[in-house]
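Peer 1: This is what each chain is made of:
4 protein chains.
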Amino acid sequence: MTTPGTIRLLVTCDDQRGIIAAVTTFIGSHGGNVVEADQHTDAVDGRFAMRLEIERDGFELGRDAFAAAFVDLAERFALRWRIRWPQERRRRVVVMASREGHCLRDLIWRIAEGELEADLPLVISNHANLRGSVEGAGLRYEHLPVTPGEKTAQERRVRELLNEVDADLVVLARYMQVLSGDFVAAWRDRIINIHHSFLPAFQGARPYHRAHERGVKIIGATSHYVTEDLDEGPIITQATLPIDHRDDVRDLIRKGRDLERVVLAEAVRLHLEDKVLAIGRRTIVFD
Amino acid sequence: MTTPGTIRLLVTCDDQRGIIAAVTTFIGSHGGNVVEADQHTDAVDGRFAMRLEIERDGFELGRDAFAAAFVDLAERFALRWRIRWPQERRRRVVVMASREGHCLRDLIWRIAEGELEADLPLVISNHANLRGSVEGAGLRYEHLPVTPGEKTAQERRVRELLNEVDADLVVLARYMQVLSGDFVAAWRDRIINIHHSFLPAFQGARPYHRAHERGVKIIGATSHYVTEDLDEGPIITQATLPIDHRDDVRDLIRKGRDLERVVLAEAVRLHLEDKVLAIGRRTIVFD
Amino acid sequence: MTTPGTIRLLVTCDDQRGIIAAVTTFIGSHGGNVVEADQHTDAVDGRFAMRLEIERDGFELGRDAFAAAFVDLAERFALRWRIRWPQERRRRVVVMASREGHCLRDLIWRIAEGELEADLPLVISNHANLRGSVEGAGLRYEHLPVTPGEKTAQERRVRELLNEVDADLVVLARYMQVLSGDFVAAWRDRIINIHHSFLPAFQGARPYHRAHERGVKIIGATSHYVTEDLDEGPIITQATLPIDHRDDVRDLIRKGRDLERVVLAEAVRLHLEDKVLAIGRRTIVFD
Amino acid sequence: MTTPGTIRLLVTCDDQRGIIAAVTTFIGSHGGNVVEADQHTDAVDGRFAMRLEIERDGFELGRDAFAAAFVDLAERFALRWRIRWPQERRRRVVVMASREGHCLRDLIWRIAEGELEADLPLVISNHANLRGSVEGAGLRYEHLPVTPGEKTAQERRVRELLNEVDADLVVLARYMQVLSGDFVAAWRDRIINIHHSFLPAFQGARPYHRAHERGVKIIGATSHYVTEDLDEGPIITQATLPIDHRDDVRDLIRKGRDLERVVLAEAVRLHLEDKVLAIGRRTIVFD
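Chains as they are written, first to last, in the working numbering: chain Y, 81 to 367; chain D, 81 to 367; chain H, 81 to 367; chain W, 81 to 367.
The hints are simulated quantities; they were obtained by calculation from the structure and are not laboratory data.
None of these values were measured; they are calculated from a predicted model.
Treat the hints with care, as some may be off.
Remember, identical chains collapse to one label, so a pair may be satisfied in a single copy or spanning two.
In silico lysine to aspartate or glutamate, EDC-like type, Cα no more than 20 Å apart, as pairs [claimed, not checked]:
| # | residue 1 | residue 2 |
| --- | --- | --- |
| 1 | Lys355 | Glu135 |
| 2 | Lys231 | Asp309 |
| 3 | Lys355 | Asp328 |
| 4 | Lys355 | Glu197 |
| 5 | Lys335 | Glu140 |
| 6 | Lys355 | Asp144 |
| 7 | Lys231 | Glu308 |
| 8 | Lys335 | Asp144 |
| 9 | Lys335 | Glu197 |
| 10 | Lys355 | Asp118 |
| 11 | Lys355 | Glu116 |
| 12 | Lys355 | Glu168 |
| 13 | Lys335 | Asp269 |
| 14 | Lys355 | Asp199 |
The shape of chain Y in the complex, shown without the other chains (with noise of 0.2 Å):
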């Protein structure tokens, strides 16, 4: 549950003593009532990060007046931090896509019906196909393919685009080109992709196919921040299903699809509710 109308704050440190009365009495002189408080210290780096959501009503702070009273503490504690404000203008998402559209048009649904917090400014795909669903719900559909030699300005567009529309999350839905190291590094912790196994089983091309001929007995799919080393970045959500020796490969397609949708949603729904940080190859996921 995410409590509406909240202020969230965002913190990491290394672990020390103190963090947590630190930073809630903080909160707390200042008029803040915590309502929600998720906190964790990895056992392996002896890293800690903490969620709060700070009800709007009575705290006396704006972002500049926040970020000019909280210097001192985060600075003793050496504190990564990042807060959202209700009031802020609604995150930006454009979502990519090939031939197969089932992600999409969940996503375009979801935000459509409200259940993820976002605005959908722009779909983007090198392939034509899904222009005629997507503009037929009232969106704005750019096709760019990919064609031989052209993969750099293709991309470069993509890019331009981004920043036209304003874009504060890529949602890659099926879309099956390889990004630059520039590109995922420059949108880091802000691209998720979804990947239709079980990572790390099967990265790379036709997971369905390849779990058919090993025979494996349930298929999966991944969501995950995107990063340079394909299929390898931080994992957000995943989630199995159950198949047979009666499912062939276009069962498991059929199948995997609805794992796809949901498991993919999951994770924008989660990045939009700034429940996910990103720590090294692993996640934290305050749910």
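Following the hints, position chains D, H and W against chain Y.
Peer 2: Chains D, H and W alone, transformed into the frame defined by chain Y:
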């Protein structure tokens, strides 16, 4: 994860501003380092609950000193609280069973393996068939049959034995007798039962038979604290399993055993790690 | 997996020696090759059921010739049977919904994608809010409100429309009105409903609210054929999802939507592939 | 469900017209009543497989007579087949383990309970720590340590013991030694291993540690027939469990134990009920 050797503090009160900061500051002011903190505010009844794990090392207070020092804060916020110290003796669990031994044996194993942080000073059964395997594991077994007209006397004897072994928790591991209201009231939130259905479906007797007759496609198991209302106590853990038309009642019973074992053991583990708070008909499980 | 283009034969009878051999030999003697065979004998009532997929290619019989040739064998074993020929027209599905559109839209998608082998000639709703998205998909939408004293007339109009569009199957995709016994009897085993709980738990209204009050740790969804006894019809598919104390009723509703969509679509798919046999209160699902 | 006391016939061949009718007619012509029939045709390699359960009562053939009578049909269709008679002696299972006892104890229980239709004449371990609990259950325990340079001799001794106790099946219940190619070839499709990950993810050593490092959100367990390629054998059963960032490696190990036990026991049960057919790298599981 529970950090070994930590102090565990559980607190509930009506939701109020500053409660998290107040408690964590109190801990910090006495040299305590909070390594795990979970909290939840119930949206329905406005009840706040918090669980802290505090490093023993450095914390300046002992049991009595803590109680003395905490009293002001507790009164100010009208807190209900309990604390567990790592040097305290292990909890003493008495398991009660009838004929079916799978849950009982599973608990014996897990305690022997150190998976559950408890001692098992006594097993009570209204049948004699499990005596061999219990005593074979070096444990005490009391056979207290329930005969017509002697149910009250049998229960009195059960309660005497619980006192005699200084029990902290009673686990009904497929014990098929109903306990009296008196007993249940005296052991409120300290008796855990396993019911072999996904409650509230199939309350009462022979749930697998009724599940088969009804033609459900999933079966389940439910662990809960025992209250006067049969199968109505606060649920701690539940799990389900898909079945199909090929499964007859014997299959449901067989498959259900694995569910029951895991669901019951998980509830006992959570209780022993002080992670369960029963509030009204519901539980908060800080895991 | 269903092999495209095969003939499907479903047979039920009291369990008898030689029934499998008799039927498969009959098929073979007319040039038919059985590519898929499932059978089940219910241990409770001794009822035998079988489903065959037969290659169209090589099979010498057409619809009328089959009926004429099969009659002897059918009488000898007192068979009930039905057969579907691959050249037959696609089944015509009418979806009924109320205010909530997630199941309806999901079915529209799956039919448009070819995931469900059906046509969707009509959507009926007692509310007007979904008209736009239905007509936007190029489908016919009839708004038949239920007003006090006019329920019977509304239902009569529904049934007229079903006849008018020559419907084979009615899917209640969160249609919140109770159908009359007459209607249900006339459409026996041809109306599929989705109930938003793991039946038999939380029969009746507002299951998510009651699940939250009860404090269950799993939620579910159930698809079933509609019978006169509300929420008591033969269950086709069920699924469940874990929840915890942090999930409020809105979370249950949100998470439940994904369950409902998948559970209902799966039931419709199985029905359309002639894989479901309702026998008494239970179903055999040959998947 | 497996019907007690039935004859089980398994048949594989290249897919051909009339194979089901031919076999079931043959059975019927000798007084046999087929009470369970499963078949599957693999779309990839066109291989047909069938499993029949035939009532003992009324079937006119014994072991030798069956073989003599079936030979013509078997040659005509180039069948590979095996048959199990209900009066045959129970299969003899040898369990091999290393230090970890949870899978071993689980199998001991299930066999003692009659859940698995087998005898357990011998437990072999390369460690001594489980001797007490095995011998305490009245079972024979052989400690065969693996010392440098003596691995071949140790394996020779293992194989002698398997012959000595007339073993039918070897179950590697967390046996952490690699078997030689010779051994594996001689016991093809008769050695079942449990691997503590959802293969093909985390093949090899320390899968829980690697799962934790990778930050996956699910863990799994896989049972498979052992082949020369480590962790590459045909998969029989798999299951998964969700985890989150709060789970450290010890939690994964603890939670994984319950998965491993159930996944391995299920594979052994299916094998003993003659429901598993390994075809290439994959299995058909008729359940």
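Peer 1: None of the hints should be skipped; say for each whether it holds.
Peer 2: Now for the hints, and whether the structure bears them out:
Proximity of lysine 355 and glutamate 135 under a CA criterion of 20 Å is satisfied intra-copy only: 17 Å inside one chain copy versus 27 Å between copies. Taking the shortest alpha-carbon separations for lysine 231 and aspartate 309, only the intra-copy value of 18 Å comes in at or below 20 Å, while the best inter-copy value is 40 Å. Taking identical chains as interchangeable, the C-alpha atoms of lysine 355 and aspartate 328 lie at most 20 Å apart only when they sit on different chains, with a minimum of 17 Å there against 37 Å within one chain. Only within a single protomer do lysine 355 and glutamate 197 lie at most 20 Å apart by alpha-carbon distance; the minimum there is 13 Å, versus 32 Å between protomers.
With identical chains, the CA atoms of lysine 335 and glutamate 140 are never at most 20 Å apart, being 51 Å at best within one copy and 35 Å at best between copies. Taking identical chains as interchangeable, the C-alpha atoms of lysine 355 and aspartate 144 are never at most 20 Å apart, the minima being 23 Å within one chain and 39 Å between chains. In this assembly of identical chains, the alpha carbons of lysine 231 and glutamate 308 lie at most 20 Å apart only when taken from the same copy (17 Å versus 44 Å across copies). In this assembly of identical chains, the alpha carbons of lysine 335 and aspartate 144 never lie at most 20 Å apart, being 49 Å within a copy and 37 Å across copies at closest.
For the homomeric pair lysine 335 and glutamate 197, the shortest alpha-carbon distance between copies (16 Å) is at most 20 Å, but the shortest distance inside one copy (27 Å) is not. In this assembly of identical chains, lysine 355 and aspartate 118 lie within 20 Å of each other by CA distance both inside one copy and across copies; the values are 10 Å within and 15 Å between. Taking the shortest Cα distances, lysine 355 and glutamate 116 sit within 20 Å of each other both inside one copy (12 Å) and across copies (18 Å). Taking CA atoms no more than 20 Å apart as the test, lysine 355 paired with glutamate 168 passes inside one copy only; the shortest distance there is 17 Å, against 36 Å between copies.
In the homo-oligomer, the alpha carbons of lysine 335 and aspartate 269 never lie at most 20 Å apart, since the shortest distance is 29 Å inside one protomer and 25 Å across protomers. In this homomeric assembly, lysine 355 and aspartate 199 come within 20 Å of each other (Cα to Cα) only inside a single copy, at 18 Å, whereas the closest approach across copies is 39 Å.
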